[in-house]
Amino acid sequence: MTTRRITEHLPFGEKRDPRFFGQDILSVSQFDRDDLETIFAVAHEMYGIVERIGSFDLLKGKILTNLFYEPSTRTSSSFVAAIERLGGSVVQINNVTYSSVSKGETLEDTVRTMESYTDAIVLRHPEKGSAARAAAAAAKPVINAGDGPGEHPTQALLDAYTIREEMGTMDGLTVTMLGDLKYGRTVHSLAKLLTMYDVKINYVSPDILEMPESLVAEVDAAGIEQHATADLDEVLAATDILYVTRIQKERFEDPSEYDLVKDSYVITPETLSGAKERMAVMHPLPRVGEISTDVDSDPRAAYFRQMEYGMYVRMALLALVLGRA
Amino acid sequence: MTTRRITEHLPFGEKRDPRFFGQDILSVSQFDRDDLETIFAVAHEMYGIVERIGSFDLLKGKILTNLFYEPSTRTSSSFVAAIERLGGSVVQINNVTYSSVSKGETLEDTVRTMESYTDAIVLRHPEKGSAARAAAAAAKPVINAGDGPGEHPTQALLDAYTIREEMGTMDGLTVTMLGDLKYGRTVHSLAKLLTMYDVKINYVSPDILEMPESLVAEVDAAGIEQHATADLDEVLAATDILYVTRIQKERFEDPSEYDLVKDSYVITPETLSGAKERMAVMHPLPRVGEISTDVDSDPRAAYFRQMEYGMYVRMALLALVLGRA
Amino acid sequence: MTTRRITEHLPFGEKRDPRFFGQDILSVSQFDRDDLETIFAVAHEMYGIVERIGSFDLLKGKILTNLFYEPSTRTSSSFVAAIERLGGSVVQINNVTYSSVSKGETLEDTVRTMESYTDAIVLRHPEKGSAARAAAAAAKPVINAGDGPGEHPTQALLDAYTIREEMGTMDGLTVTMLGDLKYGRTVHSLAKLLTMYDVKINYVSPDILEMPESLVAEVDAAGIEQHATADLDEVLAATDILYVTRIQKERFEDPSEYDLVKDSYVITPETLSGAKERMAVMHPLPRVGEISTDVDSDPRAAYFRQMEYGMYVRMALLALVLGRA
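Residue numbers (the working numbering), protein chains in the order written: chain Y, 2 to 326; chain Z, 2 to 326; chain C, 2 to 326.
Isolated chain Y, as found in the complex (with noise of 0.2 Å):
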């Protein structure tokens, strides 16, 4: 299917594929596995292009728009250096609450002035279902950067084309999700995201950190065989993805309950020695010591590798909506 799907867009710049030129990338839940096999294809292709030749013109003239309402530097960066790859260039708005495009002018309205400008719009926003109506507002493309608790779709799918590359696969792989997953956006994401996979699924939290029901449901409807735990040790060694997220300490009441748990949460050369020889750990960044710097030259650690991966995938979803993939 992938390799069809490969032999089917090049050269690239011939096919529009109608699922993607000119649509909106909102939420990880418009896609169904097609989709995704699709994106990681390109993905992938832009993998090998960048480690041959670094850069090439697929979107030469293209220009992006960066509107970053809140600041994320790692993603916003990562867009950057994705349409630079490609050719292309940005118009960089940071802080728009400061700026005066945004003197009490209306989200809408701010769209649809970037979108006389430029090509598209990736969109950083605060409040839940922004992007949406920014998409709304917009003939252009319009990609959801994260709008506060809502999405952050190409994160969650740079995580999928994580596994993908780490593995070669994600069907059969044992996941392993550990630190707080009641808040974790990321992780939540990823969930619904395997779905389409056969895979099986760990959850590995303090008891007041669990994972939602509503999406244990959402993940059992599918057929995915889960299990919770508040012990590392029990699922590590069937372990071939360790997702890892950062434990807060203000999400405890109590400071003392923290202290209890935060150790058996930090991953060290020590945890590793108890796992697969062929295992990815990743990890969203930034991470404030939920795994030691002495697991950074470990071949599993892939958390910087899964930063490279995230340009690949913005790289491909770019030059998909852009209908030049």
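Hints are computed from structural coordinates only; laboratory data are not their basis.
Honestly, I wouldn't trust all of these hints.
All copies of an identical chain are treated as equivalent in the list; a pair is satisfied when it fits inside any one copy or across any two copies.
[Unchecked claim] When the alpha-carbon atoms are kept at most 16 Å apart in a straight line, the in silico EDC-like pairs for lysine to aspartate or glutamate are as follows:
#, residue 1, residue 2
1, Lys-193, Asp-221
2, Lys-61, Asp-299
3, Lys-201, Asp-33
4, Lys-263, Glu-251
The hints should help you fit chains Z and C onto chain Y, whose structure is shown.
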């Protein structure tokens, strides 16, 4: 005239118009009608090229300094997109006040430093006369993107160009300016530019926000027919261009006075039912209620197209001062 | 030597100088005279190319991270213009302290993230040693653009290159450093670089702002003739390069002491009447009164040319570390 001019300077890059090459853009009063025709003709070509191919490499290798001492994301973004659509690039400098470039440094020194790196400078600065000071210090072109209570010539040019694109001509039109005509810099500059054409101008505003007498006298001296009223209905039916500006509550000593008038100056679909079928509603944006969003889908709503035309005018100015048109 | 070198590495892109390719630029002390000659020769070629054609595509497709933990618009802009004149592009990160990339994240993690997106990193950071830490974490080249009280090697290189361009050579020159020689990082670094050449150095400063003894000893050990005085007149007539720095009022415990000396260290046209006809006045900028603006039109006023030379030096460094010179 326009047609001849277009022929004259094609192909791009083979002619350097001495009226523009290496010159500064500081004030609308530096242009005569012939200059305006040239700017609009080049802007119209830019429009056509962007419609067909998006971007092209007319200014490839040229670098623009976007030097903003106060925020103006709309103007800044428009210039960034303009130079990027011409294949050039940008050194963006925001919030100069907080940056080391300005630590006690004079505007002149900053400008001379930036011209040692780049090919032209767009300057936004809160002080009247700052653009002229910068231009005096710099050997390279300086474009005034607003010098406080001074001028904002590229805004005036884009307003005039919008009228020309929307109506095909300027001559014979009735232009109605609505709202705060006393403090609105955009309507003052536009009125000055319109004196070069055969138009009629209506002013619609509350008494306390009328067009300044000095400007009325200047426009009168050019033989332009003018009419002032507080009632839009009186002039709407004959209007070709309705230029709306915001009325700020703070302009009124007595808030209740504001409440009395504000609704008479809000454009709704009902308002437009009394207007010509071929008419253009303009607004410099941002708007805060002066034009109902229900108007946006009316073909006469020209304010977002106005933003787009602004980019073409800035592309034209950059090409002209850098000697490629 | 220089000539041979130029021949050796032409045409651009066919030779990767192993002394520079993939290397970090952390300190002036990492270079020997031969290295400097290479940098200056490549910078001189950049100068010639920019003079003739403005920009060229030597680093097309290369992306630079400009990572600024503290503002330095001049240095930042210089690097942006440098990579853009070489056809490359930038991911600009300002005010990292307030950005999510740094929320508790270590410098090392930020740097590893950014190198996963881009090809080289320019780092400005307030802590001494930060550039070396970043370079240890990164596989890709890191260029130190100032690490607080540490070094600012590209400033020292551009100062030395300015002398070379202005006078044609370094050897045989008398360099006079004026102002705050105690705290001025630029004069310290320049003095170190000059030990590789056959020069004489004069130090002119108030007693309390004299060149540190350790540095004088280091320069002496290299066999360089040095002379310290509080009186510029004593050495001006024999001076080829007059390097002026700012004296900050805050350095004086007693403000009246500052008032006593400050005027003796201001350069005016009268000052220059006692200087050689062929001489260069340099200043790292910004200046705040140390050099009268009346001096600007004197052909010996080299400080704005110095800014421009800085761009060529940075173009050279980028081309060298990225393996295209």
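Each hint tested on the structure:
In this assembly of identical chains, the alpha carbons of Lys-193 and Asp-221 lie at most 16 Å apart only when taken from the same copy (10 Å versus 69 Å across copies). In this homomeric assembly, Lys-61 and Asp-299 never come within 16 Å of each other (Cα to Cα): the closest approach is 38 Å inside a single copy and 34 Å across copies. For the identical chains of this complex, Lys-201 and Asp-33 are neighbours neither inside a copy (19 Å) nor across copies (59 Å), given an alpha-carbon limit of 16 Å. Taking the closest pair of Cα atoms, Lys-263 and Glu-251 come within 16 Å of each other only inside a single copy of the chain (12 Å); across copies the shortest separation is 48 Å, beyond that limit.
Of the numbered hints stated above, those contradicted by the structure are hints 2, 3, listed in ascending order.
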